[in-house]
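Engineer: These protein sequence lines map, in sequence, to chains A and B. Heads up: the first sequence begins at 1 in this note's numbering, then just goes up one per residue. Heads up: the second sequence begins at 1001 in this note's numbering, then just goes up one per residue.
Because the hints were derived from the structure by calculation, they are not lab data. Every residue gets a Cβ at the ideal spot worked out from N, C-alpha and C, and that includes glycine. Zero decoy hints are in this set.
Per label pair, the in silico range of CB-to-CB distance:
#1 A:G224 / B:R1049: 42 to 48 Å
#2 B:V1226 / A:S209: 32 to 38 Å
#3 A:K14 / B:K1196: 54 to 60 Å
#4 A:D31 / B:R1108: 45 to 51 Å
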Amino acid sequence: MSKVLIVAEHANGKLNPSTAKTVACARQLPDAEIHVAVFADDAGAIATDAAALSGVAKVLLIENPVHANLMAATIAPQLAELGGNYSHLFGPSTTFGKDLMPRTAALLGVNQISDIMDVRGSHSFLRPIYAGNAIVTVEADSKTIVVATVRTASYKAVSGDGDGVIETVSPSAELPSHTRFVELQSGKSDRPDLQTASKVVSGGRAMGSSEGFEIIYKLADALGAAVGASRAAVDAGYVPNEMQVGQTGKIIAPDLYIAIGISGAIQHLTGIKDAGTIVAINKDAEAPIFEVADIGLVGDLFQIVPELEAAISK
Amino acid sequence: MDKILVGLKRVVDYNVRVRVKSDGSGVETDGVKMSINPFDEIALEEALRIRERGEAKEVIVVSIGKPEAQQQLRTGLAMGADRAIIVTTEDLSDALTVARVFLALVEREKPDLVLLGKQAIDDDNNQVGQMLAGLWKRPQASFASSLTINGPSATVTREVDAGLETLEVDLPAVVTTDLRLNEPRYVKLPDIMKAKKKPLDEVSLQDLKIEAAIAIKATAYAPPPVRQKGVMVDGVPALIDALKDKGLI
Ligand SMILES: Cc1cc2nc3c(=O)[nH]c(=O)nc-3n(C[C@H](O)[C@H](O)[C@H](O)COP(=O)(O)OP(=O)(O)OC[C@H]3O[C@@H](n4cnc5c(N)ncnc54)[C@H](O)[C@@H]3O)c2cc1C
Ligand SMILES: Nc1ncnc2c1ncn2[C@@H]1O[C@H](COP(=O)(O)O)[C@@H](O)[C@H]1O
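Input sequences plus hints: build the corresponding full structure.
Structural biologist: In structure tokens, the structure reads:
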């Protein structure tokens, strides 16, 4: 039997969908009892929503003012302490989980598995390496706890109709004061969230400027889609960093991905491998993006995109 | 601040399209171009800029791996590092063992800052910096896109999913780099000559008395499922039809 503890990710009083996807991965483990740890200042609906995730038996609630901002330095010692009672300790492979889980694994004296994309057995998993150019089967030691992050793009969120119980716990680990939160700058947007949207429209270097990017937003709004970008577009300052899709940005799996003025570098493609349908619009018929696109259209984006937007809005 | 320790991992160059060996025993690395992990080049560039601003005295580059990693350390010295340490081991160690090696070197060198890449682009682990910070019980600021030293502390802006997060960390600390932290300098020919005279110390895993961790075993390698090339359409009306066919609009 596997006893799994999952660390919940949340912000602004809401549970992040990455938590429900991590639960989906844990449910692939044979005979798994799944608990979720919620570190928060004031958990409110986060704890009840976590307890309602299908397959979750129990929520461990750790309320402490230091968790007003989730930081690896303060969560890791507590998570490592709680982890002692479990066979598996999972987190999402978001920037939150990637920051936290290795530190926790080190405190537990074990290695960590990054980006689980499939479970083959209680200690056997698949994960991508070399920007997704190879999929490796890994075996973890069966005598020690398995600490891992879950590649959220590989999983569908479990439903929210479960009935887990909530238990307040108070780990005794000493918390450091050497790391202090200053601020979070995030572009407020009414558009769907890039990581969970069913449709995404992305623009690349070809957009030329932040003004040039406007036609991407318009098309996205006509489709009800989230907006993404290539690294080149982010580096050039057309859009903020949180919009980057790819190996070093977000790994996403929308039903529809429209790549506009993006060449299709391997590092970008890593981020969209699991997309349902990929549409590419590019003036260069030889662009590598067409090798993976389900539907390709060669031409000038500054003509095509407004035309497409008008046709969809009709 | 006195010393900055920088990790330089030797990896398959990012331009190489890596292929899985036909027998599934690993990936093809014979005769493939090897380079400094791109994130590590950024870490070194940042360390050099800190030193050039007069905020640090010495930059030490470290690589753990086969003796061939000396090439990447020489490149690091040519970029401007003051000295190099290679920790030789035949089988490339796991992340926790690498973190333990860094901890042993930290205890020896007592740096004020350890700058690593956020991830090595071979195993795509994204672990060593966070593990080292945990073992060392010091702050970590991963995925940095800006770093300012203010005497006994540093202010670091991190690229997170929600945007840009700023932390203040007491030194010594571990910072891992993201791509937008800086653009690394090019190495000039005379610097390559000069770098040959800079010290490069060799230590072995045994010298450091490291206890190797239990590694995660890789048992099989497979190429990723390939996406089939789709259809080309000749204009917006045809694109709309294709999307409608798939029920996407
Ligand atoms: C370690 C590392 C990590 C990286 N991580 C990422 C990552 O996470 N995400 C990412 O995206 N990249 C990443 N990159 C960068 C990647 O290698 C590419 O440089 C980048 O994706 C290129 O962006 P682009 O396609 O927008 O630009 P380009 O490659 O310049 O492509 C622009 C495209 O626009 C087309 N075009 C130009 N004008 C028009 C027009 N008027 N109409 C139609 N088409 C037009 C061109 O034909 C071209 O194909 C990474 C690189 C490294 C080294
Ligand atoms: N063998 C190594 N030698 C030197 N530095 C390393 C080594 N392995 C990892 N690192 C450092 O740790 C960072 C993160 O690596 P990883 O956790 O393996 O993705 C890298 O970018 C390097 O800075």
